[in-house]
Amino acid sequence: MILVAKMALAFTGTIAAAGMYTFHDGIAQVQVDDNHGTHIHIWAPAAIVPIAMHVVPKRELHKFPHEAQQAIPMLRVLAKELENYPNSEFVEVRDSDTHVRVRTVGSKIVVDVVDPENKVHVACPMAMLQDMVDSLKDLQEDDDSGPTGPTV
Amino acid sequence: MNDRIRRIPAVALIAGALALMPISGSAQNSAKSSDSSTRDRWLHVRVDNPESKDEMVRVNIPLELAEKILPTIDKDKLHNGKVRVDHFDCNGVDFHALMNAVRDTKDGEFVTVQSKEQDVRVAKQNNYFLVHVLDKEDHKHSAVEVKIPMKVVDALFSAGKDEVDLVAGLHALALQGDTELVSVKDHDQTVRVWLDSKNVSD
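Those protein sequence lines, which keep their order, are chains Z and U. The first sequence begins at 1 in our numbering and counts up by one. The second sequence begins at 1001 in our numbering and counts up by one.
Extracted from the complex, chain Z is given alone in its bound form (with noise of 0.2 Å):
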């Protein structure tokens, strides 16, 4: 009986720290709704995201546009700046038929886009915007340091 009790507490423990491991960068969430009856609603635990960067091919993501790539230094400063924002208004845009807001609430980065054929909702913890872009970071300097020539 105490050997049962042990392994439940075992079992039990393992799946809290998985999931406070899984959870504890919160959740990335996209929602996309169109006129046409699309509806995408995706939340994930941003921890996922930079793991997954690491089984992308390398080839898939050199496919970056050298515009993105020259952004990352940007995006690097405002993911780890942001943090000292919380719940702040940065951008809002509207006219007859848009709505664009992009702020802050809490620890999340919010883009809210509603226009008459599409509502799009992203909130993106900043934790894991850090992650992926210090992955790309990464993928960068590799490039830089490594002997030039085609990816495989």
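Note that these hints are calculated values from the structure, not bench results. Mixed in with the good hints, there may be bad ones.
The calculated lysine-lysine pairs, modelled on DSS-like cross-linking and capped at a C-alpha distance of 30 Å, are [what the hints assert, rightly or not]:
1. Z:63 <-> U:1068
2. U:1151 <-> U:1075
3. U:1075 <-> Z:58
4. U:1068 <-> U:1116
5. U:1068 <-> U:1151
6. Z:80 <-> U:1068
7. U:1147 <-> U:1198
8. U:1077 <-> Z:63
9. U:1161 <-> U:1077
10. U:1198 <-> Z:80
11. Z:137 <-> U:1077
12. Z:80 <-> U:1077
13. U:1077 <-> U:1147
14. U:1106 <-> U:1161
15. Z:119 <-> U:1053
16. U:1068 <-> Z:137
17. Z:137 <-> U:1075
18. Z:63 <-> U:1075
19. Z:80 <-> Z:119
20. Z:80 <-> U:1075
21. U:1185 <-> U:1116
22. Z:80 <-> Z:58
From the structure, some residues in chain U lie toward chain Z, with a derived Cβ separation under 8 Å [as the list claims (entries may be wrong)]:
23. 1056
24. 1062
25. 1074
26. 1200
Computed from a predicted structure; not experimentally measured. Cβ atoms here follow ideal geometry from the backbone N, Cα and C, with glycine treated the same way.
Use these hints to put chain U onto chain Z, whose structure you have.
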């Protein structure tokens, strides 16, 4: 008894942690408050259409964030927080020499133009560089007012002959009090650019 003795270090540890918690909390708070004093300067841009309440643009940028991000952008003529301006002279007028002369001179009006079409006034007043343009041709008059602290102007042109140092300008701006920098009013839209300590527009 043994159990009690064994528990003492754990209890002491928890009690110690609880006792220290408010102190470390207040220490964090004081650090935060000193941080926030340099961090709470926000540049706001607001564009409204007076004829339609549905159209508006609000941009709120913390100056410290802008100061840190600008040097990371390396695009076209913007490098290391500075904009390179080729041939920084206006029809033979040395712009830097002109700005130096404006800085060194006393308060006063430098340019006053009054015509049927528009009034223009360029002046220095209480360490601010002022530009005022009133367009009278338009049925509903349009007006542009620019009010830039001289320290910001100095900082902007401190880098070199053909460069505008945006980071230095923002840094100088962050040290200013709440102020309205730009105001544009016409029948299509109103634009305001101002500086304060709020993280939202009015």
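Evaluated hints:
no.	hint	in the structure
1	Z:63 <-> U:1068	holds (28 Å)
2	U:1151 <-> U:1075	holds (27 Å)
3	U:1075 <-> Z:58	holds (26 Å)
4	U:1068 <-> U:1116	violated (46 Å)
5	U:1068 <-> U:1151	holds (20 Å)
6	Z:80 <-> U:1068	holds (11 Å)
7	U:1147 <-> U:1198	holds (20 Å)
8	U:1077 <-> Z:63	holds (26 Å)
9	U:1161 <-> U:1077	holds (14 Å)
10	U:1198 <-> Z:80	holds (21 Å)
11	Z:137 <-> U:1077	holds (24 Å)
12	Z:80 <-> U:1077	holds (26 Å)
13	U:1077 <-> U:1147	holds (26 Å)
14	U:1106 <-> U:1161	holds (24 Å)
15	Z:119 <-> U:1053	holds (21 Å)
16	U:1068 <-> Z:137	holds (18 Å)
17	Z:137 <-> U:1075	holds (18 Å)
18	Z:63 <-> U:1075	holds (20 Å)
19	Z:80 <-> Z:119	holds (28 Å)
20	Z:80 <-> U:1075	holds (21 Å)
21	U:1185 <-> U:1116	holds (19 Å)
22	Z:80 <-> Z:58	holds (25 Å)
23	1056	holds (5 Å)
24	1062	holds (6 Å)
25	1074	holds (7 Å)
26	1200	holds (6 Å)
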